[in-house]
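Participant: Quick one: dock chain against chain with the hints and give me the complex.
Chain by chain, the residues:
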Amino acid sequence: MCDSSSANIVMKNWSDIIFSEGLSFREKVKQVFEYQLQNNSVYDRFCVALNTKSEILKQVQDDISAIPLLPIKAFKDVLVTTHSEDNSELVFKSSGTSDMQRSIHRVYNARLYEQSLLKGFRHFYNLDNAVIWGYTPGYSDNPHSSLIYMIQKLIDQDNSGLSRFLPLGEPVNPNAIKEVNRQGKQLILFGAAFGLLDLLEIDDISLPSNSIVIETGGMKTHRREVSRSELHRKLSKGFGLDGSRIHSEYGMAELLSQAYATGKWFSTVPWMQVTIRDPENPDETLPPYKEGLIGVIDLANVHSCSFLLTGDKGVMDKKGRFQVLGRWNPKDLRGCNFLIDED
Amino acid sequence: MSDIQKRIDTLLEAIHNWLSDDNIYLQDAIDQTVREGYFSFEDVKYAVQSIEKNLSREAIAEWVDRAGLRAEQDASGQNVLCLHAGNLPLVGFQDAFATLLSGARYTGKISRKDPYLLPTFLNEVKKTDLWSDRDVQWTHRLDDFEGMQHDAVIFAGSESSVPGVKEAIDELNLAKPDTDFLIRTAHFSLAYLDRNDEQSIHDLTEAIFRYSGKGCRSVAIVVSPFSLDEVKQKLTDQLKSFWLENPQHEYPSPKLKQQFAYNEAVQRPQVWLEYFLLQEGGLEFDQDFVCYWVQGDQSKAAELAQDYGSQLQNIYVSNKVEIPELDQETELLSIAQQPSLSWKPDGVDTLKWLIGIE
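For the record, the sequence lines run as chains A and B. First residue of the first sequence? That's 1 in my numbering, and the numbers climb one at a time after it. First residue of the second sequence? That's 1 in my numbering, and the numbers climb one at a time after it.
Take these hints with a grain of salt, some might be off.
[What the hints assert, rightly or not] With a straight-line cut-off of 30 Å between C-alpha atoms, the simulated DSBU-like cross-links for lysine-lysine are:
id, chain 1, residue 1, chain 2, residue 2
1, A, Lys237, A, Lys264
2, B, Lys166, A, Lys290
3, A, Lys220, A, Lys76
4, B, Lys257, A, Lys73
5, A, Lys234, A, Lys153
6, A, Lys290, B, Lys257
7, A, Lys58, B, Lys344
8, B, Lys232, A, Lys76
9, A, Lys93, B, Lys300
10, B, Lys166, A, Lys313
11, A, Lys53, B, Lys127
12, A, Lys58, A, Lys153
13, B, Lys257, A, Lys93
14, B, Lys232, A, Lys53
15, B, Lys113, B, Lys166
16, A, Lys119, A, Lys178
17, A, Lys119, A, Lys12
18, B, Lys300, B, Lys45
19, B, Lys45, A, Lys220
20, A, Lys119, A, Lys73
21, A, Lys220, A, Lys73
22, A, Lys53, A, Lys153
23, B, Lys113, A, Lys313
24, A, Lys76, B, Lys300
25, B, Lys232, A, Lys73
26, A, Lys153, A, Lys12
27, B, Lys126, B, Lys344
28, B, Lys257, A, Lys30
29, B, Lys113, A, Lys76
30, A, Lys73, B, Lys320
31, B, Lys320, A, Lys290
32, A, Lys119, A, Lys318
33, B, Lys166, B, Lys45
34, A, Lys313, B, Lys257
35, A, Lys220, A, Lys93
36, B, Lys320, B, Lys344
[Stated by the list, open to error] Label pairs and their computed distance ranges (CB to CB):
id, chain 1, residue 1, chain 2, residue 2, range
37, B, Glu36, A, Ile340, 20 to 28 Å
38, A, Ile202, B, Thr139, 42 to 50 Å
39, A, Glu55, B, Ser20, 55 to 63 Å
40, B, Tyr251, A, Gly326, 23 to 31 Å
Keep in mind that the hints were calculated from the coordinates and are not lab data. Cβ coordinates follow ideal geometry from the N, Cα and C atoms, glycine included.
With the rest of the complex left out, here is chain B (with noise of 0.2 Å):
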């Protein structure tokens, strides 16, 4: 049996027993996470669900072909540095799973925003055969690994955190003069929409309402023929029952409120939701909890996509739509918060990047 595919049995093996319904670590650390108030018990079980559903055989094959990983052509022997930011539940989880499968040693800095959950899956992996406590280390305090220097450093960050972070590595002398770093910065994603049946209706509020819309994955910006006034009601109907279910766990500041008030002020078509705000136009990013909605065609979704460049994540469509002069692929509306595998932030392919090909 070849190295990958023994690398790929063992993920394999490891996943299946961290989300058997007896491991009580998992079930621990969910339930710590939501006691200590890092997250809601809602948002850490969709969170493992989506792992869940969109792990298997078929799609670590896929995603193995798809980046190239073959035995000459790997990341054996390689150490890689994972900073792991904490917003949302596991989102280091791809991470994690793409250095070990490309052969990598990992090392992780866990987020202190989410420090009980990613730390499960690691034990499971290290309690198999064939990584060691030297092949997987992971620490909440980035000085613990002081010295340890990797040929590959991961993170997200932006133009005003990346210098800081650097920084940092360089005095805790974390990195070679050639390590590569794969830093991410893209922040917030795009959906078109258009058409307002109840289903892309459903589609939209999870999108758009999931994680509290922290999410880089999350859409905050709306491009639609439909004006905000148009789908008003079927959204807020859709959006009692999400909440219903999918409590909110973060609320805004009272900043929120000013910007409710300032588009009464200028007269600018809003649907306030007290946790949340959605608003026709003055894109301005400049606080959380605010989608923007923009009528318009393919063509100004296209725009807007130039326009936010870097900063947007993804743009999402529903079936069959297709945006004219898009660079960037889009993905279906309703896979906006279940990504597969094997989906590539900021337009990486990590495992392809692990292993040194893209």
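Just chain A, with the same shape it has in the complex (with noise of 0.2 Å):
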């Protein structure tokens, strides 16, 4: 049962829950949930169509993988949102054209954001030694895009004065990439697939052997597909880095929170976690190796919607590790269709 009030949960200072290193995440969980319960009308309808609600809270205190995920279109489709009033801070919007349906996440608590892409980046990257720079339109033309503000927080942090977004179509200026190494800070690049790839179409790059280039993935647009290790192996070469140089980050307009391979699994912030749901019954979560939806628990959605299923095909790890292996596309549906194996 909700043992809290509504009222005394709603003045809650959810940072301090969410980040807080002396409560377990699923007790943090377990808190959020119950707040979204109540306060989320479109998840509230969600997990009522799906069981009793004393029946979903008892479960739900034996086992928080028990707690049902929404999938994440709802961002499309309505305002997903735990607030009464419209008085968000930010509002985030999925990319596409202007004719495509786009997610639409509104932030209620832009600080909650910061400082959950601050400490999610932290926990990867030694930031204070950093210079960001961002091969994106910069903020001010896409102050809907979450991975922009993302990366304009990040350069913010940095006082050398190093840290910036690149001018695209632009060859990078060699002098600014000898004086991040003349302070000895280490560079982190950032940007979209073929944003990169076109970047190193347009002249060699050397970068200093101790930076690492963050992809942030698009491998897959109308004209143009490579697969994740073709994306990196190029990346490698052309930016005369090491692989293991080559990281990704697993983020979106939906999701308040990022995950970040350093290698070839995704790893999560403390206060995120993924698992992997069979697409035919997204209650159910598969083991290790077994491909399926990526379901997302981020905590820092605490004012939207924490529990989401995404429609990303993935695997995990038996360490919990995962990795994106594109949209997860249904099996062809109804009418005829020969198929080797079953016909």
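Facilitator: Next comes the structure, spelled out in structure tokens:
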């Protein structure tokens, strides 16, 4: 049962809870779940349609994997929020063309997102010694991109003046690279898959050997497609870096936390958890090495919905790390379809 | 008597024997199909009766005439490979029939999901004097035909399955460099419902729910000036009677309940039927057992037909309704699950294609 009154729970300082090192992940999840069940009408209706509220709460007490995961497409169809008034501080939208239905994520506490992205980044990298470059459009051109907002915030942390968005379509100034090197800083370059490949097309670039390139996905566009391993091979060769210096970031407009892959597998920050779900029965968590849909618990989404089922295909290893294998395409349905293995 | 006339007479004789009440082979095949859980008895019976109803000397003659089949324009001497998918009972019947009617030799890969029914018809064909073991061959394993090159191959597929099928055909050396392929890709049909009288709702129920909604002729999108809410009661009443007589054979995975819950979450109008879901809008086609309802007029139906292009098998209408600006022919909703012998899957007349005109 919900033991906290609605009023009390709304007044909670969620940052203290979510990023607390004293509380277990399970305890934090339970608190956020109860709060969202009470205050997010979309999520409440979703849960109640699956089971009675008391039954769900009872199950969750024993096992947080029993928490229903709301399909992430909800951000395209409705406003997903725990707030009754629209007093959002930021609005993030998924990328897409104007005629596409885009996800809209209203962020009610920009400070909480900032904490999440900075603490998350520091969880993996030494931000204090980093120079951040973003080879993406700048924040002013894309005020609704959560990724660009994140890069901007990372850039803002650096007082050296060397961190910035690189001008698109222009070669990287070798002197700028030299300056990063001279100051003994580590260069971290962010960019989407094809953006980085396009940058390499412009001119030969050799980055200092301790640099890190973080690709942020986008391996498939309407014109081009590249596998993650092929992309990393090209980036490694193009930037003159060891393969281990090419990393990946997994994030999206609907999530306020990110996962990073410093090798083949993604790891999450402590307030985020990924599971792989059976696409035919998303209540079921799949065992390691079985492909399914990526399910996410992102506690930084406390003001929208923290329990989400993405449309991405993924697989997990025994250590709880995961890989993103593209979009989940359902099997061809309805109608005749001759299948070698089945027919 | 011309060769074509002989083929028609012989096929009619084979059909007559196949569908006669004392054909124990067909009875056994139906029994085994049902017992082993491939399809429900009601669906098999319906499929057999549908063939019986639509197959007549007149229907064949009309098809022959329309396709332009004649002595100097047939498929004699050609070898045709039919790869039958088995999502519905006897779904490959028309291809086998058209191949034999065209004069070609028939090679069939019988579906493992419908293994017994079609062979009983083919056996009746083989018992006649006109077709020998060499002319009519089938198997349940494609590699049994290894090295047998064909002039034409017919199968239904999709963007993701076609490369694998073609690869297998290459590996088993089943085609020549100039072999023609008839690959069908349509997966579902659309109905335009301009009235909600009892007959129309009855026809719509059959069109949506027969064969658990899994046929490409099954209606997956309904466009109607009525909202789902307005038709809901009549449709559920009709469905209750339908399911009493035709219990759904296949059950959806728990994913369907998730879709229901999602619709509740986003407050989308829907009708939850435990084994099936009707929902207004949200056309995603990412799972079976869902039929989408779109409130709109004929132009909306035409727009959706345009949007779904090659994925769309048929567009059904009630009597006398015309959909403007539609390239595709329409069919009557009442025959959605009882196609004529000569219906054109993916808009292609199979007989015409076999004799090289289409």
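Participant: Just to be sure I understand the hint, the distance between the Cβ atoms of glutamate 36(B) and isoleucine 340(A) should be within 20 to 28 Å; is that true here?
Facilitator: holds (22 Å)
Participant: Assess, step by step, whether the Cα of lysine 220(A) is no farther than 30 Å from the Cα of lysine 93(A), and give holds or violated.
Facilitator: Answer holds: lysine 220(A) to lysine 93(A) is near 19 Å, not above 30 Å.
Participant: Compare the distance between the alpha carbons of lysine 232(B) and lysine 53(A) with 30 Å, and conclude whether the hinted pair is satisfied.
Facilitator: holds (28 Å)
Participant: Quick one, are lysine 234(A) and lysine 153(A) close enough, alpha carbons at most 30 Å?
Facilitator: holds (28 Å)
Participant: Could you grab the alpha-carbon distance between lysine 126(B) and lysine 344(B) and see if it respects the 30 Å cut-off?
Facilitator: holds (26 Å)
Participant: Verify the proposed pairing of lysine 257(B) with lysine 73(A), using a straight-line Cα cut of 30 Å.
Facilitator: Holds: lysine 257(B) and lysine 73(A) sit about 16 Å apart, inside 30 Å.
Participant: Do the alpha carbons of lysine 290(A) and lysine 257(B) lie within 30 Å of each other, as the hint requires?
Facilitator: Since the Cα atoms of lysine 290(A) and lysine 257(B) sit roughly 23 Å apart, the hinted pair holds (cutoff 30 Å).
Participant: Regarding the pair lysine 119(A) and lysine 318(A), is the alpha-carbon distance no greater than 30 Å?
Facilitator: holds (25 Å)
Participant: For lysine 237(A) and lysine 264(A), compute the direct alpha-carbon distance and say whether it is at most 30 Å.
Facilitator: Measuring from Cα to Cα gives roughly 17 Å; hence the hint holds.
Participant: For the pair we were handed, lysine 320(B) and lysine 344(B), check the Cα-Cα distance against 30 Å.
Facilitator: holds (21 Å)
Participant: Check the hint pairing lysine 119(A) with lysine 178(A) against an upper bound of 30 Å on the C-alpha distance.
Facilitator: Measuring from Cα to Cα gives roughly 29 Å; hence the hint holds.
Participant: Hint check: lysine 58(A) vs lysine 153(A), CA-CA at most 30 Å. Holds or violated?
Facilitator: violated (40 Å)
The structure is inconsistent with the numbered hints 7, 11, 12, 18, 19, 22, 29, 30, 31, 33 and 38, although it conforms to all the rest.
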